[in-house]
Amino acid sequence: MDKKTLRNLIVSVVIGGFLGFFALRGLFGGGFLGGIVGAILGAGIVYLIAYLLSLFPKLASFLANNIVTVIFVAFVLLGFMVTKEITLKNYIEQLFESVFRNSFLLLSLIIPVIAGLGMNFGIVIGAISAQLALILVRWFDIPSTLGFVACIVASTPLAMLFGWLTGKLYNNTRGQEMIAGLIVSYFASGIYLFILLFAVGGIIPVAAKGAILKEVLTRTQRNLLNPLGVGIRVSVDLGSLKYSLDGIWRLPFVTFTIIAAVGFLAWLVIQYMRKKKNPSLGKSNLLLTIAGSIVCVFFVIISAIVLITKNATYMALRPAPMATIIVIALLAVATNFLLKTKLGQDFRSVGQSQQIARVSGINVDRTRILATVISTVLAAWGMLIFLQNIGTLGTYTQHSQIGMFAVASMLVGGATTSKAAVKNAFIGVLLFQSMFILSPAMGRALFGNPLYGENFRTFMVYGVIAIALGLYIWRGLKAAKNKVEE
Amino acid sequence: MSDCLLSFKNVSKSYDGNYVLKNINLDIQAGEIHALIGENGAGKSTLMNILFGMSVIHNTGGFEGQVEMNGKPMNVKSPHEAIDYGIGMVHQEFMLIPGFTITENIKLNREITRNNFISAVLGERLKSLDYKLMNMDARKALDVLGMDIEEYTMVAGLPVGHMQFVEIAREIDKTGIKLLVFDEPTAVLAESEAANLLQAVRNLAASGIAIIFISHRLDEITSLADRVTILRDGELIVTKNVKDTNIVEIAELMVGRNVNITRDDAAQRTYSEEIVLDVKGLRVGMPGEWVKGVDFSVKKGEILGIGGLAGHGKLGIANGVLGIYPASGEIQFQGRPLPLNNTKQVLASGIAYLSEDRKGVGLWLDESIELNIAFTAMQIHGEFLSPLGLQDSKKIHENALKMIADLDIRCTSSLQTAGALSGGNQQKVCVGRALTQKPQLLFISEPTRGIDIGAKKLILDLLRQLSEEEGMTIVMTSSELAELRSICDKIIIVCEGQVAGILQPDAPDAEFGLMMSGANRKLEGGLAV
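Read top to bottom, the protein sequences are chains A and X. Read in order, the letters of the first sequence are residues 1 to 486 in the working numbering. Read in order, the letters of the second sequence are residues 1 to 529 in the working numbering.
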């Protein structure tokens, strides 16, 4: 038996056995015996898959290169198999709610990756700017859509300043930008906590000395502050700012599906035609275009059926927030547009080789700072979209998770620390949020306790980041080794 | 001269009072191919750095003399300004971005842009790239060179030869290019690729562009260039028409007779015939110093020299034997096979190594002289340790004092940090550490690099003394032929990662020059030296 077969066998027994054990136990409610049968079956199936893959080396290497995505797809499929309590309607509703909520934040990560800075964990600082702006706007009680605009206006200069400082830091921590971003986001959180916990009311006066808060402050202002008048409350209700963007224009979800599917289909066809006419734009892929078109047509037909039959369940899906969707689509288009400008080309040059870019006369440091500023500002706006959807601000915790979750989603979507595109953001947000929705139910089904599902979520988030970063380094080492052997 | 495009007038350059270029006068004419040759450190790169206004020149006080173009003085402050004068350079290491297409590389930071509605508001940098025009320009440049590859191909997968052409295409594409500098363009190319490149260079020259061609391949120069200028030790030795000279003469002039070889005792040196180290088929993956299959053997008690030009792999040999860079092949040491890629084992079997990177690998600059001297012996042979396995400071101190006295290390105390010493004394500390290991074989690379002239001789004398008094076998690698010739018993010349030949130290200059240039193989039988 050669080394490769042995490796395949061991991997199949471990992975297949592990998954199979719990899958069968969950599916049939079977006890330990069922688990053992599942383990044997699972190992067999995984080994068979591995064997089949070895017959198609091209497909195998494609899957290996997208291993994080593959794991997630498998996980989501397994989730559908074992959970019974989450209906399709439920799933769609929850999924798209979080997709619309998170997409903008994810898109803010693309440019730093292209400029060679890796995953910008510093978007947390953008989120902090957004939260500061939000609290200000609540203080002055600017309502609804006007309030949302005020948030944008207030958060942008803050995010620009912080982004500029972060960019400066990145230029001084070359090669360690991701770690620097992680640490500086903790540092910024510390300052943010100090300001909101203590400085507001403690140093910055909220009312004249000795005044009775009830007499000088409005109700919203009092709701913002802790009862003693020092520090912001742990949880702030956003009042009319909730759905201030989402609520501008809503369409029935089925209508949205049709519009989105038709739009995507048109985009696919145009891309294909353009590439076919002009090979310098890239390789046209007929198979992928057809597959994509079929999916689009499928969704159009399904939606049409729902519309015609007036299916009560699916007509009742929460309406799609068109304004948010348009903003996300605009950012996606703008990102792609930016990459085709001189500035975008500079980002790419700097990202590929700082030295060559410098020799060619590109101002490397400024370009990197600009990439960080853009990312931070976009993150601030993304955080505002996120918060207006949720409706309450977890003052002291909300921002801190944003960085990890967004980065994990991007990686799940097939991005790496040196390569990212708009499509990675969308694939990532779909898969990652699916995992989020399914895991508590899976925890209940497989382990008899939804809490395990919660733990599993956390495990997946950090696991994905660890795997992706590990793979990145491992591939680098392998490439270096191959070079020596040449 | 009316058609004199570029002239260097009395150009000198010194670093801290040390002249690396002395009074260079050189004219380049439009449409000529002018070869520039010299050993490492002869001043070729400094001259080019002056031409391109590299920051290393300006940050060290500029240069003396004047560079003129078409009779008017040039004032180039950065490589980017050189473009405005119509001067371009084709680099030895490719300045190409692998993830970009050929077009994108050719147009790097010179992209053609067009306005769009956003750039009208937010400014220049948001103009769209005009890929169509860019592709057309790239196509034109590639056509000039006779390359029929698609301009939108990624550079990453291209053969090395094509990459070189992309570099050239980039320079041609720059408008108003008048002078192109080629820095060892054929060093990385296969023979057929090199032939294509040389033809392209001829075509360019025929179109009126002046070419400065830096190469060590003498046969290339004689077949390609119109004139050749030889630099040695910062001085311009001679500029000659190629048709008035030949390879042997050029090689001789390049190495020069300025070496004062004092080897009064050469005849008396004896060493046994026993082979200590036998290396077969050694390949080493040291970036920039690749070794591609080297065989040699070292006899007990001899001083073996390894010479050759920079980048040809002479430094890779010692690094490969010691396992510092990945290596493959077979090595026998004292009759037993030596494990590859295992530095600890190699050191434990009685080989000591003084790296060419004295400050990076050779010393802890922030630790005391004592510890620097004792460390390897402590780590590998378990010496200087108390019964409990802790450092025995007393023994370390005594040993250091002995070495300081024996080697005459000039320091204030044995507790001084190594970084505070001068280069020569640092090297002595390294030697001290090697001696503490009591090795049977000593590898020493670039022993006199970064050491002032007075101290150089001390180090070399020390090595000879070690050989004569202790009978130590030494393999010494150096870029300075003169120092190899002054103490070695025989010298291996490495060229393009392989052994070009073995010479006696008193062999004629021309033989050294030819071997280092790899020209000796092509001359065999033809020209007797």
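The hints are simulated quantities; they were obtained by calculation from the structure and are not laboratory data. Don't be surprised by glycine CBs; every beta carbon is placed ideally from N, CA and C. Treat the hints with caution; some may be incorrect.
Okay, derived cross-link-like pairs now, DSBU-like style, lysine-lysine, Cα gap no bigger than 30 Å in a straight line [what the hints assert, rightly or not]:
1. LYS77(X) x LYS283(A)
2. LYS478(A) x LYS174(X)
3. LYS9(X) x LYS283(A)
4. LYS342(A) x LYS344(X)
5. LYS132(X) x LYS342(A)
6. LYS77(X) x LYS419(A)
7. LYS478(A) x LYS344(X)
8. LYS419(A) x LYS292(X)
9. LYS277(A) x LYS490(X)
10. LYS275(A) x LYS344(X)
11. LYS168(A) x LYS438(X)
12. LYS423(A) x LYS140(X)
13. LYS344(X) x LYS340(A)
14. LYS9(X) x LYS276(A)
15. LYS283(A) x LYS240(X)
16. LYS280(X) x LYS478(A)
17. LYS340(A) x LYS9(X)
18. LYS342(A) x LYS178(X)
19. LYS77(X) x LYS423(A)
20. LYS178(X) x LYS9(X)
21. LYS280(X) x LYS342(A)
22. LYS340(A) x LYS174(X)
23. LYS178(X) x LYS276(A)
24. LYS132(X) x LYS277(A)
25. LYS9(X) x LYS342(A)
26. LYS275(A) x LYS178(X)
27. LYS342(A) x LYS359(X)
From the derived model, a few chain X residues whose C-beta atoms are all more than 10 Å from chain A [as the list claims (entries may be wrong)]:
28. ASN18
29. LEU96
30. ASN109
31. SER119
32. LEU126
33. THR245
34. GLY518
With the Cβ distance kept under 8 Å, some of the chain A side facing chain X (calculated, not the full set) [said to hold, decoys possible]:
35. SER12
36. SER61
37. MET273
38. LYS277
39. SER284
40. ASN285
Verification of the supplied hints:
no.	hint	verdict
1	LYS77(X) x LYS283(A)	violated, 43 Å
2	LYS478(A) x LYS174(X)	violated, 38 Å
3	LYS9(X) x LYS283(A)	violated, 54 Å
4	LYS342(A) x LYS344(X)	violated, 52 Å
5	LYS132(X) x LYS342(A)	holds, 14 Å
6	LYS77(X) x LYS419(A)	violated, 36 Å
7	LYS478(A) x LYS344(X)	holds, 24 Å
8	LYS419(A) x LYS292(X)	violated, 35 Å
9	LYS277(A) x LYS490(X)	violated, 66 Å
10	LYS275(A) x LYS344(X)	violated, 57 Å
11	LYS168(A) x LYS438(X)	violated, 51 Å
12	LYS423(A) x LYS140(X)	violated, 35 Å
13	LYS344(X) x LYS340(A)	violated, 52 Å
14	LYS9(X) x LYS276(A)	violated, 57 Å
15	LYS283(A) x LYS240(X)	violated, 53 Å
16	LYS280(X) x LYS478(A)	holds, 27 Å
17	LYS340(A) x LYS9(X)	violated, 46 Å
18	LYS342(A) x LYS178(X)	holds, 27 Å
19	LYS77(X) x LYS423(A)	violated, 44 Å
20	LYS178(X) x LYS9(X)	holds, 19 Å
21	LYS280(X) x LYS342(A)	violated, 53 Å
22	LYS340(A) x LYS174(X)	holds, 22 Å
23	LYS178(X) x LYS276(A)	violated, 40 Å
24	LYS132(X) x LYS277(A)	holds, 13 Å
25	LYS9(X) x LYS342(A)	violated, 40 Å
26	LYS275(A) x LYS178(X)	violated, 38 Å
27	LYS342(A) x LYS359(X)	violated, 42 Å
28	ASN18	holds, 27 Å
29	LEU96	violated, 7 Å
30	ASN109	violated, 4 Å
31	SER119	violated, 7 Å
32	LEU126	violated, 5 Å
33	THR245	holds, 36 Å
34	GLY518	holds, 21 Å
35	SER12	violated, 32 Å
36	SER61	violated, 16 Å
37	MET273	violated, 17 Å
38	LYS277	violated, 12 Å
39	SER284	violated, 13 Å
40	ASN285	violated, 16 Å
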